[in-house]
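K.L.:
Residue strings, one per chain:
There are 2 protein chains.
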Amino acid sequence: MRFSGADSQYRYKKVEQELSKHIDAGDLVPGDKLPSLRQMSSTLQVSISTISHAYEELEKRGLIESRPRSGYFVRSEFRRIPTPEIKITQKIEPRAVTKNKLIQTALETVGNKDLLPLGVVCPCNELLPTRQLAKIMCSVIRDNPMETAGYEMIHGNLDLRRHIAFRSVDCGSNITADELLITTGAMEALYISLRTLTRPGDLVLIQSPSYYCFLQLVENLGLRAIEIPSCPDKGINPDRVAEITKTFDIKACIFSANFNNPDGSLTSDRRKQEIVKILAQNRIPLVEDDVYGDIYFGDSRPRTFKSYDRDGRVLLCSSFSKTIAPGYRVGWLAPGRYLEKALEIKATTNVSCVAPTQMAIARYLRDTFYDKHLKKLRFAMKEQMNKMRTEIGLSFPEGTKVTNPKGGSVLWVELPENIDGVELFFKAREEGIGIVPGIVFSPQDVFSNYIRLSSGSLWSAEIQTGVRRLAELAAGL
Amino acid sequence: MRFSGADSQYRYKKVEQELSKHIDAGDLVPGDKLPSLRQMSSTLQVSISTISHAYEELEKRGLIESRPRSGYFVRSEFRRIPTPEIKITQKIEPRAVTKNKLIQTALETVGNKDLLPLGVVCPCNELLPTRQLAKIMCSVIRDNPMETAGYEMIHGNLDLRRHIAFRSVDCGSNITADELLITTGAMEALYISLRTLTRPGDLVLIQSPSYYCFLQLVENLGLRAIEIPSCPDKGINPDRVAEITKTFDIKACIFSANFNNPDGSLTSDRRKQEIVKILAQNRIPLVEDDVYGDIYFGDSRPRTFKSYDRDGRVLLCSSFSKTIAPGYRVGWLAPGRYLEKALEIKATTNVSCVAPTQMAIARYLRDTFYDKHLKKLRFAMKEQMNKMRTEIGLSFPEGTKVTNPKGGSVLWVELPENIDGVELFFKAREEGIGIVPGIVFSPQDVFSNYIRLSSGSLWSAEIQTGVRRLAELAAGL
Chain A
0 MRFSGADSQY RYKKVEQELS KHIDAGDLVP GDKLPSLRQM SSTLQVSIST
50 ISHAYEELEK RGLIESRPRS GYFVRSEFRR IPTPEIKITQ KIEPRAVTKN
100 KLIQTALETV GNKDLLPLGV VCPCNELLPT RQLAKIMCSV IRDNPMETAG
150 YEMIHGNLDL RRHIAFRSVD CGSNITADEL LITTGAMEAL YISLRTLTRP
200 GDLVLIQSPS YYCFLQLVEN LGLRAIEIPS CPDKGINPDR VAEITKTFDI
250 KACIFSANFN NPDGSLTSDR RKQEIVKILA QNRIPLVEDD VYGDIYFGDS
300 RPRTFKSYDR DGRVLLCSSF SKTIAPGYRV GWLAPGRYLE KALEIKATTN
350 VSCVAPTQMA IARYLRDTFY DKHLKKLRFA MKEQMNKMRT EIGLSFPEGT
400 KVTNPKGGSV LWVELPENID GVELFFKARE EGIGIVPGIV FSPQDVFSNY
450 IRLSSGSLWS AEIQTGVRRL AELAAGL
Chain B
0 MRFSGADSQY RYKKVEQELS KHIDAGDLVP GDKLPSLRQM SSTLQVSIST
50 ISHAYEELEK RGLIESRPRS GYFVRSEFRR IPTPEIKITQ KIEPRAVTKN
100 KLIQTALETV GNKDLLPLGV VCPCNELLPT RQLAKIMCSV IRDNPMETAG
150 YEMIHGNLDL RRHIAFRSVD CGSNITADEL LITTGAMEAL YISLRTLTRP
200 GDLVLIQSPS YYCFLQLVEN LGLRAIEIPS CPDKGINPDR VAEITKTFDI
250 KACIFSANFN NPDGSLTSDR RKQEIVKILA QNRIPLVEDD VYGDIYFGDS
300 RPRTFKSYDR DGRVLLCSSF SKTIAPGYRV GWLAPGRYLE KALEIKATTN
350 VSCVAPTQMA IARYLRDTFY DKHLKKLRFA MKEQMNKMRT EIGLSFPEGT
400 KVTNPKGGSV LWVELPENID GVELFFKARE EGIGIVPGIV FSPQDVFSNY
450 IRLSSGSLWS AEIQTGVRRL AELAAGL
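Quick note, the sequences are listed as chains A and B, same order.
If you're matching positions, the first sequence starts at 0 in numbering that gives the first Met the number 0 and goes up one per residue.
If you're matching positions, the second sequence starts at 0 in numbering that gives the first Met the number 0 and goes up one per residue.
Just to be clear, a hint being listed does not mean it is correct.
No copy is singled out in the list; a pair is fine if it fits within one copy or between any two copies.
Stated by the list, open to error - Here are the simulated DSS-like cross-link-like pairs (lysine-lysine), alpha carbons at most 25 Å apart as the crow flies:
1. Lys245 / Lys134
2. Lys375 / Lys340
3. Lys13 / Lys276
4. Lys59 / Lys100
5. Lys59 / Lys426
6. Lys112 / Lys340
7. Lys276 / Lys400
8. Lys405 / Lys20
9. Lys100 / Lys340
10. Lys371 / Lys276
11. Lys12 / Lys100
12. Lys245 / Lys13
13. Lys340 / Lys32
14. Lys20 / Lys276
15. Lys112 / Lys426
16. Lys100 / Lys245
17. Lys400 / Lys374
18. Lys371 / Lys250
19. Lys112 / Lys59
20. Lys32 / Lys233
21. Lys12 / Lys371
22. Lys112 / Lys250
Think of the hints as simulated: they come from the structure by calculation, not from any bench.
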């Protein structure tokens with residue numbers, strides 16, 4: 000882990016982040032002079048060498064430049080990049096989802112390890128506790144050769160459920176082990192929820208943009224979707240939810256309040272509470288995707304919809320895929336009042352989850368400092384995202400907008416209107432760069448000039464070059 | 000493993016099995032005198048002590064008795080037990096499946112480790128290569144900490160698929176690694192197949208009796224089922240398949256030719272070939288469950304339907320749950336011409352399978368003598384099943400019939416007509432014995448006087464006592 004060194008090393012990063020935030024926010028504009036090393040050192044009460052180190056890093060990132068005998072200045076090429084606005088052109092009407100073919104192509108690109116991973120949302124291996132987990136898995140297997148080889152309960156491993164239940168307090172939920180069902184990743188939790196709640200032809204309410212795998216599931220379950228615009232800054236608007244639930248017969252909502260993939264939007268806790276209330280009044284179940292909830296950049300964890308649930312109509316879906324190990328496929332579902340039906344769907348889908356991976360994650364949670372790991376992970380994810388935002392601001396064509404998420408690992412980039420995201424996707428793939436075209440995140444074609452970039456990988460010269468090359472390709476279209 | 004000792008130890012088992020087969024077949028009837036130790040030793044060309052050992056075992060099992068100064072005789076209490084016949088009372092008509100509640104109760108019993116496992120179809124841990132697999136898992140994890148933690152491809156691990164493809168030659172199939180999709184057990188393979196082939200309201204053709212989890216899946220996918228009687232001796236009759244496919248609009252068949260759960264029936268290779276031909280002519284896909292195919296008691300492995308498939312309409316489902324480790328949940332699907340759709344269903348159900356368990360099974364297949372393990376497993380399963388059949392013959396009420404399967408791990412017991420299987424199921428559960436009532440194996444109520452017993456566990460005094468107690472309970476009803 001890069002930030003686990005001495006405190007002083009950590010300190011310059013803090014300074015660097017603080018300054019880049021101000022540049023990014025427009026507090027410091029191109030041409031502005033930065034305080035001298037001595038001034039800054041005195042203001043922040045850190046050593047001159049720490050400040051000097053931070054300035055060097057900002058210079059490397061292209062945010063500031065040193066002018067001989069004059070000091071440091073915000074680079075004149077640096078351009079504040081606005082965030083995309085809500086898409087008001089979207090039509091509110093039920094529609095079948097029919098983008099499967101393009102989604103499949105995008106999905107294959109995501110899994111392709113030969114491509115630069117700007118399409119992969121998971122944090123890279125270096126940021127995950129991979130070696131520690133490997134050790135734990137070995138000792139779990141050695142200690143329990145029989146149990147790890149035998150069937151687990153349909154509900155999933157009890158120790159694991161206890162740890163998840165205990166941790167649910169962090170996000171304001173109060174779930175017991177008995178109310179949980181372990182799933183093969185959060186995707187399976189979502190799948191079980193929709194199979195539990197809907198029948199083909201039913202109408203579901205989704206956020207726009209929404210994660211394309213959800214759309215694909217909606218499509219192949221034969222459901223129809225109605226979209227509610229998600230605002231990159233504020234997430235889902237409860238008033239819109241109230242309007243739509245009045246007008247249409249919605250069988251379930253699929254919402255991601257905490258750093259929605261792809262627009263990274265955070266729906267505030269107040270709004271969450273209101274939405275849960277509106278849905279409860281209308282007896283509409285809400286399937287909540289919270290896989291990014293633990294990767295917040297602010298001071299405290301945002302709450303879940305589930306934490307405001309009083310009548311068991313919120314089905315919380317989450318996993319350890321973004322924080323411990325994607326390949327272990329350990330997720331969970333807190334299906335509220337729908338537990339019995341959810342267990343039946345689980346049993347007839349694949350009986351129960353893999354035993355040894357559940358036991359390993361349970362022991363990882365018991366024996367390690369998971370919260371300490373999460374703290375480091377959040378710090379790294381925030382820094383990587385900032386660097387990528389900066390690079391996009393420096394290199395992408397005039398008119399480009401990019402989100403400024405408060406958590407998660409993806410950036411939602413709005414290109415100038417004449418640039419086609421799908422064309423850019425194919426061009427980038429030819430050059431070995433994996434991205435996801437915006438169009439796959441909605442059943443409508445409203446996001447044709449958007450792309451999603453992931454900042455899950457350690458920032459490196461290679462990634463930087465990739466982003467720059469992508470910018471050149473976009474400019475050429 | 001109990002049979003891995005010296006050759007001589009193995010030899011007395013052979014003698015014991017041979018003799019019990021003849022008693023069972025009625026070649027030796029109650030009261031018949033067995034050849035003397037000396038005669039038998041000379042006939043079989045093994046030592047007197049081997050014969051003596053075999054006779055002692057048969058005596059312990061209650062098959063023969065020694066009379067002072069007269070030698071060994073087939074016990075007069077021993078009764079040849081007939082096999083159940085085909086149920087001709089079943090109505091051939093489509094029907095919704097609605098036994099979910101009872102199935103759920105039965106399923107919970109199966110997973111309950113406090114019960115005597117006469118309901119569990121998997122071979123017990125002692126018969127599976129549990130310790131060897133644990134070692135292999137540890138070395139796979141140590142050698143690949145990164146790969147085991149990361150996402151696998153949607154198709155599944157390539158090495159694993161190569162080994163499965165290579166082994167498919169054994170059952171006459173000729174599948175390449177590219178044509179395979181790794182699944183979370185065979186249940187997921189079946190689930191993906193049905194999601195791929197059908198829509199709610201569609202009609203599927205099933206065997207009667209059929210594995211209750213399949214019926215539950217058929218129910219919760221909103222399908223209707225039509226049943227074709229499965230004959231305990233001969234399996235599925237191609238003529239009946241031809242008739243039904245002429246009369247009804249069948250969207251898919253779900254057949255298990257090799258030791259169908261619960262009746263253990265084996266549909267001959269000739270019949271398989273004919274069935275595949277009939278279905279191909281009618282363009283009806285066939286979902287094949289072959290999880291017991293490797294546990295044959297005869298001289299050679301029965302073929303699969305898939306091995307006769309010429310136009311890609313057979314979807315082969317199988318797993319390592321019955322032969323290596325149920326808790327690893329490693330199964331596979333060879334979906335023929337439906338691969339693309341099957342991959343889409345897999346991706347939207349749970350993205351891909353758990354990585355480390357796939358890699359461990361792949362290395363197990365690469366580095367060990369899997370075929371040697373299977374040989375031992377088959378021998379043990381056959382012996383356990385014979386002992387259980389004998390015990391049923393000795394202790395169950397007059398009029399009881401039991402199957403004589405040529406493979407697998409379950410016995411299908413037809414009780415006298417006045418005995419209710421569900422009542423026996425609940426009575427047995429009260430006394431800590433887990434069995435499955437016959438009624439859950441069909442959407443109709445035709446199997447109300449049947450139960451399924453599993454012989455997957457090592458034969459022991461505890462199991463024997465359990466079977467005897469069950470017989471007493473049955474007699475008391």
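K.L.:
Confirm or reject each hint.
P.N.:
Status of the hints after comparison with the structure:
For the homomeric pair Lys245 and Lys134, neither the shortest alpha-carbon distance inside one copy (53 Å) nor that between copies (59 Å) is at most 25 Å. When the C-alpha separation of Lys375 and Lys340 is checked against a cutoff of 25 Å, the pair qualifies neither within a copy, at 39 Å, nor between copies, at 40 Å. In this homomeric assembly, Lys13 and Lys276 never come within 25 Å of each other (Cα to Cα): the closest approach is 40 Å inside a single copy and 71 Å across copies. In this assembly of identical chains, the alpha carbons of Lys59 and Lys100 never lie at most 25 Å apart, being 41 Å within a copy and 65 Å across copies at closest.
With identical chains, the CA atoms of Lys59 and Lys426 are never at most 25 Å apart, being 28 Å at best within one copy and 76 Å at best between copies. In this assembly of identical chains, Lys112 and Lys340 lie within 25 Å of each other by CA distance solely across copies; the values are 23 Å between and 38 Å within a copy. In this assembly of identical chains, the alpha carbons of Lys276 and Lys400 never lie at most 25 Å apart, being 34 Å within a copy and 60 Å across copies at closest. In this homomeric assembly, Lys405 and Lys20 come within 25 Å of each other (Cα to Cα) only inside a single copy, at 12 Å, whereas the closest approach across copies is 73 Å.
Taking the shortest Cα distances, Lys100 and Lys340 sit within 25 Å of each other only across copies (11 Å), while inside one copy they are farther apart (31 Å). Taking CA atoms no more than 25 Å apart as the test, Lys371 paired with Lys276 passes in neither setting, with 34 Å inside one copy and 62 Å between copies. With identical chains, the CA atoms of Lys12 and Lys100 are never at most 25 Å apart, being 43 Å at best within one copy and 59 Å at best between copies. Taking CA atoms no more than 25 Å apart as the test, Lys245 paired with Lys13 passes in neither setting, with 48 Å inside one copy and 75 Å between copies.
Taking the closest pair of Cα atoms, Lys340 and Lys32 never come within 25 Å of each other, the shortest separation being 63 Å inside a single copy and 59 Å across copies. Neither within a single protomer nor between protomers do Lys20 and Lys276 lie at most 25 Å apart by alpha-carbon distance, with minima of 36 Å and 70 Å respectively. Within a single copy, Lys112 and Lys426 get their C-alpha atoms as close as 17 Å, which meets the 25 Å cut-off; across copies the closest is 57 Å, which misses it. When the C-alpha separation of Lys100 and Lys245 is checked against a cutoff of 25 Å, the pair qualifies neither within a copy, at 33 Å, nor between copies, at 35 Å.
For the homomeric pair Lys400 and Lys374, neither the shortest alpha-carbon distance inside one copy (29 Å) nor that between copies (65 Å) is at most 25 Å. When the C-alpha separation of Lys371 and Lys250 is checked against a cutoff of 25 Å, the pair qualifies neither within a copy, at 40 Å, nor between copies, at 54 Å. Taking the closest pair of Cα atoms, Lys112 and Lys59 never come within 25 Å of each other, the shortest separation being 28 Å inside a single copy and 61 Å across copies. With identical chains, the CA atoms of Lys32 and Lys233 are never at most 25 Å apart, being 33 Å at best within one copy and 90 Å at best between copies.
Taking identical chains as interchangeable, the C-alpha atoms of Lys12 and Lys371 lie at most 25 Å apart only when both belong to the same chain, with a minimum of 18 Å there against 59 Å between chains. In the homo-oligomer, the alpha carbons of Lys112 and Lys250 never lie at most 25 Å apart, since the shortest distance is 38 Å inside one protomer and 38 Å across protomers.
In summary, the numbered hints that this structure violates are 1, 2, 3, 4, 5, 7, 10, 11, 12, 13, 14, 16, 17, 18, 19, 20 and 22.
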